[in-house]
Each structure stands twice: as structure tokens, then as C-alpha cells.
Amino acid sequence: MLPSSAYSNFIWAKLAGGLRIGEAINLRIDDIDSGRMLIHIKGGKGKKDRYTLLSPSFLKILREYYKQFRPKEYLFQGQKALKYSASSAQSVLKKAVISSGIRKKVTLHTLRHSFATHLLESGTDIRYIQELLGHNNPKTTMIYTHETENSIKNINNPFDDL
36 MLPSSAYSNF
46 IWAKLAGGLR
56 IGEAINLRID
66 DIDSGRMLIH
76 IKGGKGKKDR
86 YTLLSPSFLK
96 ILREYYKQFR
106 PKEYLFQGQK
116 ALKYSASSAQ
126 SVLKKAVISS
136 GIRKKVTLHT
146 LRHSFATHLL
156 ESGTDIRYIQ
166 ELLGHNNPKT
176 TMIYTHETEN
186 SIKNINNPFD
196 DL
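Using my numbering, read the sequence shown as starting at 36 and increasing by one per residue.
Accuracy of the hints is not assured; some may be wrong.
[Stated by the list, open to error] Pairs of lysine-lysine, DSBU-like flavour, derived with a Cα cap of 30 Å:
| hint | residue 1 | residue 2 |
| --- | --- | --- |
| 1 | LYS140 | LYS129 |
| 2 | LYS129 | LYS139 |
| 3 | LYS115 | LYS174 |
No lab work stands behind these hints, which were simulated from the structure alone.
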């Protein structure tokens, strides 16, 4: 379980939106589009803008977070209203992983990877995943397909249903 703090919401954002570390750190309050259920990533990798998904569950978490912490500029602020650093967020994630008993190495990028893998396993077209992650090259997104290769073994061949 994540510690109940502003940091835990940062970690949830990484997992719920598939954000890069820098993208999550630079999120501003007005980047959350609850009307369209999207997160607007401004100036992501390659200085490109894009949108990714905003889940209803995560929106609920964000609203509670906002009521409690009242961030001013950046959505995720540390002391003195400064945005988080990647190292401090990684430190919190490491503590959460240890306290949960997970023995695998988990990084902030692992959360982005999990987002993509879950989308792929749920049947989302790889081109949409590419767009959500902000990948220019489809080959970059194809890296996530190796995660689902074991799942392919469990798919019934349609020929067997004839």
C-alpha cells in the first residue's frame, strides 16, 4: 500500500496515465480535463503535446488530494510549493515497494510500462497505445508486446470453434 501522502498521488498518476517521470513532475492543475476525462501532457518528450487517459477512479483520488493539499501551480508539489524531484518520488516508491513485500525491482518507469502492458492485454490497439504514450516510432511501443506473449498461449484458435 502506498503511504498516504501527496507522493502517493504522484505515483498513482504515473500508473493511471502512463506518464513519463518528467511529465508527471510537470503536470499542472489545468492539465486535468475532467470534462473529457483526459490528462493533457504539455511539452512531453520531444517538446510534444498529447493527451492520455484520466480514469474516473484516479479523478476521484485527485479530487481528494486537491482538497487536502491545495496545490498552487504544479499538481504535485513538495515543500515550499516546488515541484517534486524524480529522486524524491523514486525514494517514496522504493519504500512503498519494500513495505508491500514486492521483491522485484520496481522503478517509476515500471509504472508506465505496466500501464501500456495492461492496455495491450485488454485488447487496446497498439496504435492507440503508441499515441497515449507519446511514442513517435511504433517499434518503441512494440517493446510492450513481449509482456503479453505468455498470454497468447491462452488464446483459443478460432478454428477450434468451427
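* CA of LYS140 to CA of LYS129, is that 30 Å or under? -> Measuring from Cα to Cα gives roughly 9 Å; hence the hint holds.
* To do: For the pair supplied as a hint, LYS129 and LYS139, confirm whether the alpha-carbon distance does not exceed 30 Å.
  => This hinted pair holds, its Cα atoms lying about 11 Å apart.
* 30 Å Cα cutoff - pair LYS115, LYS174 -> Given pair LYS115, LYS174 is violated - Cα atoms ~41 Å apart, limit 30 Å.
The structure is inconsistent with hint 3 alone, although it conforms to all the rest.
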